[in-house]
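Colleague: So the chains spell out like this:
Number of protein chains: 2
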Amino acid sequence: MTHRLTDLAASLPASVPFVGPEAQERARGAPFTARLGANESPFGPSPRAVAAMEAAARDVWKYGDPEYFDLRHDLAAHHGVRPEEVVCGEGIDGLLGYLVRLLVGPGDAVVTSAGAYPTFGYHVTGYGGTIHTVPYRDDHEDPEALAAKAREMGAKLVYLANPDNPMGTWLPVDAIARMLDALPEGCLLCLDEAYADLAPPEAVPPLDTSDGRLIRMRTFSKAHGLAGLRVGYALGHADLIGAFDRVRNHFGLGRVAQAGARAALADTAWHSHVLAQVAQSRDAIAAIGRANGLTPIPSATNFVTLDCGRDGAFARRVLERLIERGIFVRMPGVAPLDRCVRISCGTPADMEALAAALPLALVDAATPA
Amino acid sequence: MTHRLTDLAASLPASVPFVGPEAQERARGAPFTARLGANESPFGPSPRAVAAMEAAARDVWKYGDPEYFDLRHDLAAHHGVRPEEVVCGEGIDGLLGYLVRLLVGPGDAVVTSAGAYPTFGYHVTGYGGTIHTVPYRDDHEDPEALAAKAREMGAKLVYLANPDNPMGTWLPVDAIARMLDALPEGCLLCLDEAYADLAPPEAVPPLDTSDGRLIRMRTFSKAHGLAGLRVGYALGHADLIGAFDRVRNHFGLGRVAQAGARAALADTAWHSHVLAQVAQSRDAIAAIGRANGLTPIPSATNFVTLDCGRDGAFARRVLERLIERGIFVRMPGVAPLDRCVRISCGTPADMEALAAALPLALVDAATPA
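Residue numbers (numbering that gives the first Met the number 0), protein chains in the order written: chain Z, 0 to 368; chain B, 0 to 368.
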């Protein structure tokens with residue numbers, strides 16, 4: 000029989016926003032030497048988080064608390080907000096899906112940057128919304144152009160990552176404030192701050208959850224080293240945060256996930272350790288890039304985007320040659336950003352592997368197959 | 000500002016399908032002595048699954064494979080189907096949400112039993128569908144009435160749990176086969192088989208994934224003792240299974256979840272051990288019920304529903320008095336099923352606690368406050 004999908008569902012492509020490194024390893028028949036493509040944290044999670052997950056694993060026959068009470072209260076205390084202003088979910092990916100579902104229906108206008116996080120667009124398309132984009136400006140997202148496009152299209156929702164992925168650049172606090180004032184009435188800014196806890200203070204606006212014009216997304220996947228646990232959270236006005244209870248998968252964060260995230264949040268010493276490692280690795284990637292004639296773009300994240308100085312086809316070849324040599328990396332998908340490859344921070348061993356592979360990849364890439 | 004929710008989102012209540020035992024513990028200011036309300040498995044997960052989760056916790060800085068390749072292949076081999084006929088997700092709850100999203104839009108008719116799994120109805124309402132119900136018959140779901148109602152309403156989707164929750168009863172294979180033949184053209188049967196691996200063979204139809212008329216939901220939360228890990232899967236026709244890739248949260252199952260589920264599936268000895276414990280506990284619950292003048296309803300699950308022999312108000316008092324005494328249990332929400340309380344299988348210590356508390360709860364319940 001033909002399944003009676005909704006018209007919207009029938010119109011959607013079967014898509015995977017990202018091909019995982021595991022699929023690439025299966026295809027190449029060998030594991031990667033260095034896993035530097037997904038902005039994970041090879042410095043690992045807090046040992047206290049590991050211990051908490053191990054303890055929770057023995058108790059995992061119990062459902063997790065569907066209210067995420069303790070985790071939300073910990074996060075509220077950490078950020079100096081009320082628990083009603085925090086919602087947790089299955090990674091920022093999951094929370095973006097819920098947010099889009101709450102706000103966006105068929106034909107609704109949504110604005111983001113061309114080349115920004117593909118999973119956001121996946122959700123907007125998935126709920127029938129229409130994505131309108133503006134280009135990056137000088138490798139930065141362009142808040143004035145985003146706000147102007149939002150006004151032009153009567154957008155309900157604007158998405159901005161700050162610090163940005165895939166470029167690693169950041170906007171100062173006052174640029175975000177001006178952007179909020181320039182949005183049309185009733186338009187929500189979704190500020191994806193996955194990298195905020197790696198960024199300089201001037202990139203992170205003060206938390207004002209009384210301001211209903213924005214919602215902020217955070218994650219345990221980056222600095223906290225818990226990508227494979229899938230815990231994200233959003234901070235915002237209690238009215239909007241409360242609306243997530245209308246649509247979320249209430250048991251979506253299990254017992255191990257909640258326990259691991261709480262322990263990671265509490266381990267501030269580990270967090271400082273990771274920040275120092277990330278800073279060292281950013282310097283190392285920049286130095287390796289420069290030594291090979293590439294230009295590192297200043298980064299407020301746990302990755303460095305290297306400008307390969309030519310077109311997208313060349314950068315694509317560099318990426319492919321790196322992957323062939325066991326270095327998992329990714330690259331921006333849209334010109335002119337696609338003249339770059341994006342390298343995640345890693346351990347000294349990862350950096351050695353990168354330093355060894357990059358010159359060879361560049362030589363190969365200079366000669367199209 | 001007022002957030003511009005979609006008309007549908009604005010119409011939804013902020014709801015939690017189930018109040019978790021943790022919230023009840025917070026309200027009563029003390030932990031439960033026996034956790035027998037959520038059909039969890041106090042016998043615990045396989046020690047091999049615990050070891051796999053512990054190992055994965057140390058690697059949890061890596062995202063999980065978004066294709067769930069190994070887990071899907073293991074499940075396909077286990078069930079003798081193709082990997083393309085298996086989709087994994089964030090518990091059956093998560094998969095039900097995806098399924099409803101694929102099939103149900105505003106005004107679409109969906110059929111289920113009055114008193115069946117509330118989370119299914121939560122999703123249908125959440126996507127704008129209209130739930131039509133038929134009553135249970137003799138404490139069993141009524142497949143003939145469900146199919147008749149589906150024909151009457153032109154339903155796109157029918158939901159049936161077999162074995163059933165909250166009653167624990169089951170339908171034989173031929174009743175399911177007759178029901179499929181009686182559904183209207185293009186109507187999909189969602190067969191929730193969360194308890195299938197605890198059920199007698201005559202309750203579990205043979206797997207025929209070429210039959211596009213049904214999709215079957217399974218879980219690691221019950222017999223496998225991994226409720227807090229959130230891993231469910233669906234088996235069905237490859238066309239329908241493939242459609243989940245249009246809407247799912249691709250990284251929704253993390254690395255610990257995938258590792259734990261794979262190890263649990265492989266540990267068939269532990270599975271047999273749990274089945275034996277569950278059978279013992281079912282007998283114990285039935286005996287405790289009978290000793291107190293209650294009638295156990297025959298069960299193919301890891302719980303026993305006890306008929307308290309009076310009305311819903313009485314059973315509600317029994318439940319409340321049990322909870323006051325530290326015994327977490329739940330009960331059906333709809334008459335006449337609500338004359339019962341539902342007791343999950345547990346350890347011998349859990350059964351002792353139940354045996355001690357039930358007579359006192361019944362005495363108290365006989366005298367309305």
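Please note: incorrect hints may appear among the correct ones.
[Claimed, not checked] Computed, partial: chain Z to chain B, Cβ under 10 Å:
1) A50
2) Y62
3) Y116
4) D173
5) A174
6) R177
7) A181
8) R215
9) L264
10) D266
11) R289
12) G292
No lab work stands behind these hints: they were computed from the structure.
Note that this is a predicted model, so its numbers are computed, not measured.
Beta carbons are placed, not taken as given, at the ideal position from N, Cα and C, and that holds for glycine.
Colleague: Next, verify each hint and record whether it holds.
Modeller: Results for each hint:
1. A50: holds, 9 Å
2. Y62: holds, 5 Å
3. Y116: Because about 13 Å separates Y116 of chain Z from the closest Cβ in chain B, which is outside the 10 Å limit, the hint is violated.
4. D173: violated, 21 Å
5. A174: violated, 21 Å
6. R177: violated, 18 Å
7. A181: Not OK, violated: A181 of chain Z not within 10 Å of chain B, min 15 Å.
8. R215: violated, 15 Å
9. L264: violated, 15 Å
10. D266: Result: violated, 14 Å to nearest chain B Cβ.
11. R289: violated, 27 Å
12. G292: violated, 31 Å
Hints 3, 4, 5, 6, 7, 8, 9, 10, 11, 12 from the list above are not met by this structure, while the remaining hints are.
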